[in-house]
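Chemist: The primary structure of each chain is shown beneath.
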Amino acid sequence: MTRTRHRRDHGLQLLAATAMLVLAAFGHAKAQEGETDPSAVIRIGSLYEPQNLDNTAGAGQGINEAFNGNVYEGLFQLEDSGEVVPKLALDYQMSDDGLTYTFTLQPDVTFHSGDPLTSADVKYSIERVVAENSKSSRKKSLSTIAGIETPDDRTVVVKLSERSISLPYNLTYVWIVNDKATDLTSGEDGTGPYRLDAWRRGSSISLVPFDDYWGDAPANSGVTFNYFTEATALNNALLTGAVDIITSVQSPDSLAQFQDNPAFVVEEGQSTTKEVLAYNDRVEPFSNVKVRKAIARAIDRQRLLSSIWGDYGTLIGSFVPPTDPWYVDLTNVDPYDPESAKQLLAEAGYADGFTFTLETPNYDPHPIVAQFVQSELAKVGIKVNINIITANEWYTKIYQAHDFQATLQEHVNHRDIVFYGNPDFYWGYNNPKVVELIASSETSASEAEQVEKLKEANRIIAEDAASGWLYLYPQIVVSSAGVSGYPVNGLNSQFFAYGITKRAE
Amino acid sequence: MASVVLFVLLRLLPGDPANALVSVGADQAQIEAARREVGSDLPLPQQFAHFISSLARFDLGTSFVSRTPVLDDIIARLSVTVPLTLLSFLLAVVIAVPFGILSAVKADRWYGGAISVVSQLGIAIPVFWVGILLVTLFAVNLRLFPSGGFPPRGWGAPFEALRALFLPIITIALVMSASLLRYVRSATQDVLGSDYLRTARALGSGFSEALVRHGIRNGAVPVVSILGIELATTLLGAVVVERVFTLPGLGSMLLLAIEQRDYPNIQGVLFISTLLVLLIGFFADLAQRWIDPRLREKAGSVRR
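Those protein sequences? They're chains A and B, same order as listed. What the first sequence shows, in our numbering, is residues 1 to 505, in sequence order. What the second sequence shows, in our numbering, is residues 1 to 304, in sequence order.
Careful, some of the hints might be misleading.
[Stated by the list, open to error] Short, incomplete list of chain A residues facing chain B, as computed with Cβ under 7 Å:
1. T110
2. K135
3. S143
4. A146
5. A181
6. T182
7. T185
8. L239
9. T240
10. R303
11. E393
12. T396
In case anyone wonders, no lab produced these hints; they're calculated from the structure. Just so it is clear, the structure is predicted and the values come from calculations on it, not from any experiment. Beta carbons: idealized from backbone N, C-alpha and C, even for Gly.
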């Protein structure tokens, strides 16, 4: 490794020397600064170690970060810009009734094991996600798939029971895996630009370039994801040069040490992570729209956001972040106004306020947010009892049993307004109009129609104050100054590594 | 038995191991399938029977969450925890024994007193704080050692691995040597006040000669039993240090497993660490007998 690097360095020096002779008038400083080192291995620091390596076996968000687009590819890929582009699908056609999709696969694609990609692999991969024991959170969105046919090796025909306008988008979640792969929880067999080199549990995942990759080779010679459990340890690793880049900074206090230092670059992208004060809309008093609106108006969200994140982060007026196609600025539906909050409470019959328990996950930023909410609501006469619970308890007590009054939770996904169209979801929001709009948006004939319907649903949930949408987390990537070409938006936690380069030292 | 207590305590924790597998957005059928898969939908007696029978076959099972055999994961992580524990322990002994003896022998000098004051301080300071201090000083400011992590190739890169373990080892050794030093000191004081030492001196041997010939062997017996206990404590205390330095050891495996309610992993780690602690105790006993012949005879003959 070191040896090849030295050789390359000599080559570069030679090249630089020649360039200087020919173009003596032009400064060589620029050439030196801009040179990227193609033999560099990029060390990425992250807080999200996957639990296993299979995204249908409950691997967690970390696996999307490490593997999506890097090790595995889908028929489509959700780009960092939010655009959905064909990846392993060379081309596709939708029938006029929208019920049949015909995909033509990229030619000459091979899996890391050497097997060629065929339509049978695609069929197998999609069926894996909708299988009975699949733990994929997107299983439900693919439930309209009625059958998959493979007329020849490069053609896949997907039949739907009803129209599904987001099928290409939903397919970005489906990894195409080799149907002969035996171990996908601790190994892999994908088609991506990198293959898995080693996974040291509790510590790191190393990826190396796959030599027979069908597309453009990565700009670096491999990546290592280094996993940390504490934000401080992760920051120290970047400060001391043990990692080159942090995928997502979660501790606001630590930003100052990077901002004021020319050795680091702080980039803010678009996030999809929403801090939500979710009420149990099934139970009194939260079944009352006026109470929910009163709470929304009683909390100074701007002050909350800036006290946690300073100048970073965005306020949102509903569950939809600006990167979703159906975003509308709804921050003025229930602006901060404690007086009108009190009035609304009186109208709802709670002039003297009430008491409720806020189930608060034990990790940042929820405990701080809970205290802020507590003090704000005290001003309008509502008493909040904070009950701290672990993430695991949250899932049993709140997500499954719906045994709560209100809770705090971060919702990370892109395009997840659909949760408000499901009356059985944990927050129990049930507005038949919204249910209808969200269901029918999926069967729209065009994207314009889909967007129109979801915009309307979006407005209604905001008017109903279905939940309290406190703020949108900032998505902050910090790297050392010599590193470039990384994604900044982190949609669905993805982190495409193949474009990252490091300047030669 | 310990395993029964363990089983009951784990099941008393609220939460479900299946929760680590499914995420927000999963429907009821998916959750049920996950619970079936990990067996948390079975009645408790049945879960317990299954747990005991696999333990009897020495089968630690497969992790609910990562799907890897528990034993494999533990072995991989022992390659961090065992060197960490042993090296810090050795270093602690190397620090504690000479300084302990010195502080007892020269208790009347200023440095004798100073050593024991410093060691008191060492006992009062929590280990994670020492770790954080060392990271700030040697990693962040001086850039001499990495602030945490372990090389992906592990001991395949021995130099890097040692470098990664350097600060954690110093951290544990500093804290541990403080308490060890006090035992060495008091054992030495006992020896200093003993009749046999006075007799040896009376027979004409010099002070250091008497101390080395008679003192060390006698003083070592209580110290060795403490060493055994301390070594076991270090093994368990590695949990905290591994967390501070992000080391992929047994401790971090245990913490993660508890968070996820990954019962096979928790049970596996606790089983293996209990085993190690028992083994350490056993070897400490053996060492004592080897040092002190009187203990051997006592064990061999019937007591009156």
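Chemist: For this structure, which hints from the list above don't hold up?
Modeler: Of the numbered hints, 1, 3, 4, 5, 6, 10 do not hold.
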